[in-house]
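A.B. asks: These protein sequence lines map, in sequence, to chains P and S. Just so we're aligned: 163 in the UniProt record's numbering is position 163 of the first sequence, and the numbers increase by one with no gaps anywhere. Just so we're aligned: 247 in the UniProt record's numbering is position 247 of the second sequence, and the numbers increase by one with no gaps anywhere.
Misleading hints may appear alongside valid ones.
[To be verified] Residues from chain S shown here face chain P by an in silico Cβ test under 8 Å; the list is partial:
#1 S19
#2 N65
#3 A117
Derived from the structure by calculation, the hints contain no laboratory data. Backbone N, C-alpha and C define an ideal beta-carbon position, used for all residues, glycine too.
Each chain, written out:
There are 2 protein chains.
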Amino acid sequence: MSERIWTAALVVIGDEILSGRTQDKNVAQLASWLNVQGIRLAEVRIVPDVEAAIVEAVNTLRARNDYLFTTGGIGPTHDDITVDAIAVALGVPVVIHPEARAALDRYYASRGGLTEARLRMARVPEGAELIANRMSGAPGIRVGNLFILAGVPHITAGMLDALTGTLEGGLPVLARTVGAWVPESEIAEMLGATERAHPGVAIGSYPFFREGRVGANFVVRATEQALVDQVIDALTAGLTAAGHAPVEGGI
Amino acid sequence: MSERIWTAALVVIGDEILSGRTQDKNVAQLASWLNVQGIRLAEVRIVPDVEAAIVEAVNTLRARNDYLFTTGGIGPTHDDITVDAIAVALGVPVVIHPEARAALDRYYASRGGLTEARLRMARVPEGAELIANRMSGAPGIRVGNLFILAGVPHITAGMLDALTGTLEGGLPVLARTVGAWVPESEIAEMLGATERAHPGVAIGSYPFFREGRVGANFVVRATEQALVDQVIDALTAGLTAAGHAPVEGGI
Numbered sequence: 001m002s003e004r005i006w007t008a009a010l011v012v013i014g015d016e017i018l019s020g021r022t023q024d025k026n027v028a029q030l031a032s033w034l035n036v037q038g039i040r041l042a043e044v045r046i047v048p049d050v051e052a053a054i055v056e057a058v059n060t061l062r063a064r065n066d067y068l069f070t071t072g073g074i075g076p077t078h079d080d081i082t083v084d085a086i087a088v089a090l091g092v093p094v095v096i097h098p099e100a101r102a103a104l105d106r107y108y109a110s111r112g113g114l115t116e117a118r119l120r121m122a123r124v125p126e127g128a129e130l131i132a133n134r135m136s137g138a139p140g141i142r143v144g145n146l147f148i149l150a151g152v153p154h155i156t157a158g159m160l161d162a163l164t165g166t167l168e169g170g171l172p173v174l175a176r177t178v179g180a181w182v183p184e185s186e187i188a189e190m191l192g193a194t195e196r197a198h199p200g201v202a203i204g205s206y207p208f209f210r211e212g213r214v215g216a217n218f219v220v221r222a223t224e225q226a227l228v229d230q231v232i233d234a235l236t237a238g239l240t241a242a243g244h245a246p247v248e249g250g251i
Numbered sequence: 001m002s003e004r005i006w007t008a009a010l011v012v013i014g015d016e017i018l019s020g021r022t023q024d025k026n027v028a029q030l031a032s033w034l035n036v037q038g039i040r041l042a043e044v045r046i047v048p049d050v051e052a053a054i055v056e057a058v059n060t061l062r063a064r065n066d067y068l069f070t071t072g073g074i075g076p077t078h079d080d081i082t083v084d085a086i087a088v089a090l091g092v093p094v095v096i097h098p099e100a101r102a103a104l105d106r107y108y109a110s111r112g113g114l115t116e117a118r119l120r121m122a123r124v125p126e127g128a129e130l131i132a133n134r135m136s137g138a139p140g141i142r143v144g145n146l147f148i149l150a151g152v153p154h155i156t157a158g159m160l161d162a163l164t165g166t167l168e169g170g171l172p173v174l175a176r177t178v179g180a181w182v183p184e185s186e187i188a189e190m191l192g193a194t195e196r197a198h199p200g201v202a203i204g205s206y207p208f209f210r211e212g213r214v215g216a217n218f219v220v221r222a223t224e225q226a227l228v229d230q231v232i233d234a235l236t237a238g239l240t241a242a243g244h245a246p247v248e249g250g251i
């Protein structure tokens, strides 16, 4: 019986990623978190702080995935246009969320009060719920299966924490790794044959150059532990037979 | 006179990025390199090792950008399908490139010879040229304005090196940063007004939390140095007037 696969997509919003100024960390962070929820990150788009680009990405990706996440652009400054762009994508107005306003009021009570700029962070697409943010006053936003998260990675992490266990998913993908000090080209045929012999398994081959030597790690992914273990055993035997000492867990 | 803006897009190909196993470094690396060439990275898509996903991304993005880059999936193993997928996208057959074959022959002469798996790395979409790779035997591939690069970041870097100065571009985007220990919400209005008063300039506001304190860096971007300097002066004056010591170069 084949298990339903749940998928998510991510739109990373921000000129700072596309200019090379900031190294994105949310793709890897969200991917790892999703996997624990039994959801696969199927595709990512990185777009600039431009309304039309955000609208296109959001509408394309939400139509073909179970969940859509965005990161970035929900702060108080002029370059934070995510909420407005997503409201356009959804065809709904932007409203002030009363709980978000109350949360910002509390947070800024001892920090100079709720100014107009700060009130921007209480704006949500109509119909939205809030996602708790313990790190600062500005909440994340949920509109159905669309999740609007912060861009600063440790704030994003807190919002994901608040969502843990609340999303319906399938079986998480399990992974085990075996490595060897061998050029992947030498055992490419064995790898391909092993994958073909085990439907439901994906084997990734990731070469590297370290300590002046060439090696590769082979990552076996499937939703059944027994199947993952069986393929790891097959690769271990195949590497050994070819004269390359397998390193359990990878190098 | 408005300067023509040259744009590029990037398709990152690889299950290892979408699974969270590997932290991508090529987005930031390519973005920085492109900027020096006078080309802006306009959009990025991260797709799995699936032909249809690669074809869709490649064909959409090459149609609306001056240049398209891909990273990943050009090795010798079964999960390396980039060349085949791009040939499908371009509607051309895959052929063995004679120079690539010769380069691999030389590289593997002392490393066990050119096997069938290794010969896979000489396969290119018909009509392609090679991009030199000093790090290993497998070259990158250029087909018109489409550049197929390796996924391992230091190999990608070598291929970009080989391309430096060969692509037509416009003026590079210049950037300067000023920072302050202030919540961005306190000076949001001044930032927005400063940007509006200086057409051709983008000001990015990037908040952070460090040493238990809140601060932000403000990045001014434009293609004219005088304009960048003028806006940095305006922000410096604005921060000072609001009682926040500006930190030249950012915090």
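A.B. asks: Failing hints, ascending?
C.D. replies: 2
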